[in-house]
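Asks: So the sequence shown is numbered by the working numbering: it starts at 1 and just counts up by one.
Please keep in mind that the hints were generated in silico from the structure rather than gathered at the bench.
Wrong hints could be hidden among the right ones.
[To be verified] With a straight-line Cα cutoff of 25 Å, these simulated DSS-like cross-link-like pairs (lysine-lysine) come out:
id: 1; residue 1: K346; residue 2: K422
id: 2; residue 1: K97; residue 2: K37
id: 3; residue 1: K325; residue 2: K343
id: 4; residue 1: K382; residue 2: K343
id: 5; residue 1: K216; residue 2: K86
id: 6; residue 1: K477; residue 2: K597
[Stated by the list, open to error] Ranges of calculated distance between the beta carbons of each label pair, as one might list FRET restraints:
id: 7; residue 1: E453; residue 2: A192; range: 54 to 60 Å
id: 8; residue 1: V307; residue 2: M174; range: 41 to 47 Å
id: 9; residue 1: P375; residue 2: I488; range: 36 to 42 Å
id: 10; residue 1: V282; residue 2: E258; range: 26 to 32 Å
id: 11; residue 1: K311; residue 2: H224; range: 46 to 52 Å
id: 12; residue 1: N257; residue 2: E453; range: 53 to 59 Å
id: 13; residue 1: I588; residue 2: R610; range: 28 to 34 Å
Where is the CB? At the ideal position from N, CA and C, for every residue including glycine.
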Amino acid sequence: MLKFLNSASLEDWESRNPTKGSNSVSASFYLDPAEIKAQCREAIDNLNEVSSKTINVEHKLDEFINNSELESKAFDALKQQIADYKTVLQSIRSLIKYNIGEYKTLMSSVGDKVLDGDKILKGQEYARNSIKAYEDRAKRCRENAVTCAVITPFAESQNQIAGHYDHLANNHRMMLKYWEEKEQAYYDIENATKDLFSTGDSTAEQINAALSDLGKSFKAGAFHPNLDASWRAKLKEETKELDVIVLYGIKRPISINEETWEKYQGEVTTNVLLLEKQGWAVDGIKAYARYINKNIAGKLPTGDVLVEIDKCNKQTQLVGSEVFKKMWYAWKAEGLSASESKKKLKMLMKVTGMDGIDENSSAEELRRIANKIDPNLEPDDKFWGSLSSTVRTAFLPTPEGNPTALANIEKRIHIKNALKGKLGKQVHLFRYVISYQQAEYISNLYAEGTDEEKLARYIREHKVDWSVDESARLHLKYYYDKENDTDIFPEGHSYTNGGVNLKVVTNTRFRSEFIINGDGKFLTLLDKDATQDAVVNCSNFNYATANDDYHQMFDVKPAQPKYEPRFRDSELYVKDKSGVLNENKKYIAPEKRDMYKYNEDIKNRRDNFRKKTSHERSN
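Generate coordinates for the entire structure from the input sequences, incorporating the hints supplied.
Replies: Right, here's the structure in full:
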């Protein structure tokens with residue numbers, strides 16, 4: 001407890017109620033929940049009163065510190081002194097909040113039944129003695145029955161009496177169990193509460209050190225603050241840890257020593273401060289706290305808890321990991337507002353590093369972003385749907401009276417100005433990263449087969465909802481050479497299977513997109529060995545759920561020069577034999593009316609893919 005609070009009532013309670021420290025229980029232990037709860041409530045009231053007084057004092061200190069009319073070396077020294085006291089007051093309030101939380105935990109832990117050690121142990125002793133006595137009597141009766149077996153009525157009578165004694169012994173065994181459970185209840189409460197208030201001890205030490213140092217700073221009628229005192233940095237660090245523990249409800253792991261607990265607090269605090277800096281909402285960080293409380297603090301350690309917390313902290317920085325998803329879902333931005341959803345997206349961009357990406361970034365830089373996505377995150381994980389919903393909420397204001405769609409005139413406006421601003425550009429470029437990660441997931445899932453065969457197997461084994469009927473027109477760009485009356489495709493284009501690229505979509509049969517060339521290989525923008533055909537006709541994750549106005553808004557229209565990677569734009573033109581780009585010869589998608597010439601080849605490819613899946617659904 002805080003030495004400078006000097007609470008006599010608490011000291012009296014602690015001396016009579018050993019709920020912290022010792023694991024031993026004597027015959028004189030006594031726990032009265034009503035008394036403890038009453039004293040806890042009194043302590044909480046006292047602490048709240050002290051906290052309120054510190055706020056009033058701090059306001060007065062601020063007035064003095066900010067008074068610009070007081071200027072001189074003496075006043076500067078005094079202002080430093082006052083600022084130091086303000087720091088101490090803030091630390092005291094943090095410690096008070098922590099202690100109040102501990103008192104509340106204690107109140108909820110002690111239950112509602114009095115545990116009288118004398119009565120419990122006497123009850124156990126009586127039950128054990130009675131069990132032995134009745135067992136001895138039953139034994140003697142059975143011995144009598146054996147000895148006098150020829151006297152049948154007597155033997156039967158002795159066996160009956162023995163059975164009666166057995167019954168009485170069993171009754172007292174139940175009594176013993178009752179008293180043992182009472183004793184165990186005390187041990188359970190003691191173990192659950194023995195570490196309460198311990199976390200604040202080091203903070204209290206630093207506060208006392210600060211007060212002692214400040215008391216020595218007034219010399220010869222003037223203030224001479226010790227600016228090199230270690231307590232300033234230590235107190236700042238301790239207060240941060242305490243605030244994190246209080247705000248997010250961080251629990252101490254079971255059965256760890258003080259040194260490990262100190263390191264654990266430091267690791268958690270460092271990660272929480274990082275999450276706050278990245279822009280996570282409080283609800284998201286609380287989800288992280290709940291996870292570590294349940295999966296680390298709430299379990300007996302089978303390994304190093306510091307190793308486990310390090311693993312967990314790294315998961316908070318890996319998009320789609322178990323911990324990340326729990327944090328993401330706890331922040332229900334997509335159901336709130338456009339501004340809140342944009343905050344959530346900005347956080348995502350910062351975590352992944354997309355906030356440092358723009359149209360001038362290289363393929364290698366974008367590829368590194370993919371390393372920030374959990375490699376085990378499936379293309380059909382519901383996370384992608386949640387992300388898409390967040391994007392739509394962020395950039396799609398909902399008109400009054402129509403919660404599900406925009407009015408036609410508003411649609412035209414937003415389609416034209418989709419994904420505006422720096423954030424919109426980052427969100428658009430992130431689609432290439434997602435598509436690359438999803439293609440890599442499928443490619444790495446199985447050891448054998450083409451990408452197309454692996455995708456079909458994934459669909460078959462995971463019972464994925466999919467479609468092969470979406471048009472691949474935008475992924476079949478070519479240049480029509482009028483002079484020679486021939487179609488020129490980008491370098492690396494496969495002419496196998498009719499030379500058409502196949503489009504397969506999953507995740508509500510639309511979001512996750514896989515473009516597959518005639519050789520059965522995925523075409524992604526960020527592939528290390530990407531051909532010109534892959535760069536020009538690559539796949540792209542969709543934020544919409546169907547080929548509608550929203551698809552135009554979020555997925556088609558943003559693919560424009562000011563948003564697109566420069567390294568991709570440079571590949572959209574025909575190269576001569578020397579590799580020089582001809583900006584007069586640009587690869588473009590065929591017109592819808594011209595797609596008839598590919599109809600048979602497209603049909604064959606779709607039918608062949610359906611056969612590969614053996615899992616066709618109605619299309």
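Asks: Hint by hint, note whether the structure agrees.
Replies: Taking the hints in turn, this is what the structure says about them:
{"no.": "1", "hint": "K346 with K422", "result": "10 Å, holds"}
{"no.": "2", "hint": "K97 with K37", "result": "18 Å, holds"}
{"no.": "3", "hint": "K325 with K343", "result": "17 Å, holds"}
{"no.": "4", "hint": "K382 with K343", "result": "20 Å, holds"}
{"no.": "5", "hint": "K216 with K86", "result": "17 Å, holds"}
{"no.": "6", "hint": "K477 with K597", "result": "14 Å, holds"}
{"no.": "7", "hint": "E453 with A192: 54 to 60 Å", "result": "56 Å, holds"}
{"no.": "8", "hint": "V307 with M174: 41 to 47 Å", "result": "45 Å, holds"}
{"no.": "9", "hint": "P375 with I488: 36 to 42 Å", "result": "37 Å, holds"}
{"no.": "10", "hint": "V282 with E258: 26 to 32 Å", "result": "29 Å, holds"}
{"no.": "11", "hint": "K311 with H224: 46 to 52 Å", "result": "49 Å, holds"}
{"no.": "12", "hint": "N257 with E453: 53 to 59 Å", "result": "55 Å, holds"}
{"no.": "13", "hint": "I588 with R610: 28 to 34 Å", "result": "30 Å, holds"}
Going through the hint list in order, the structure satisfies each hint without exception.
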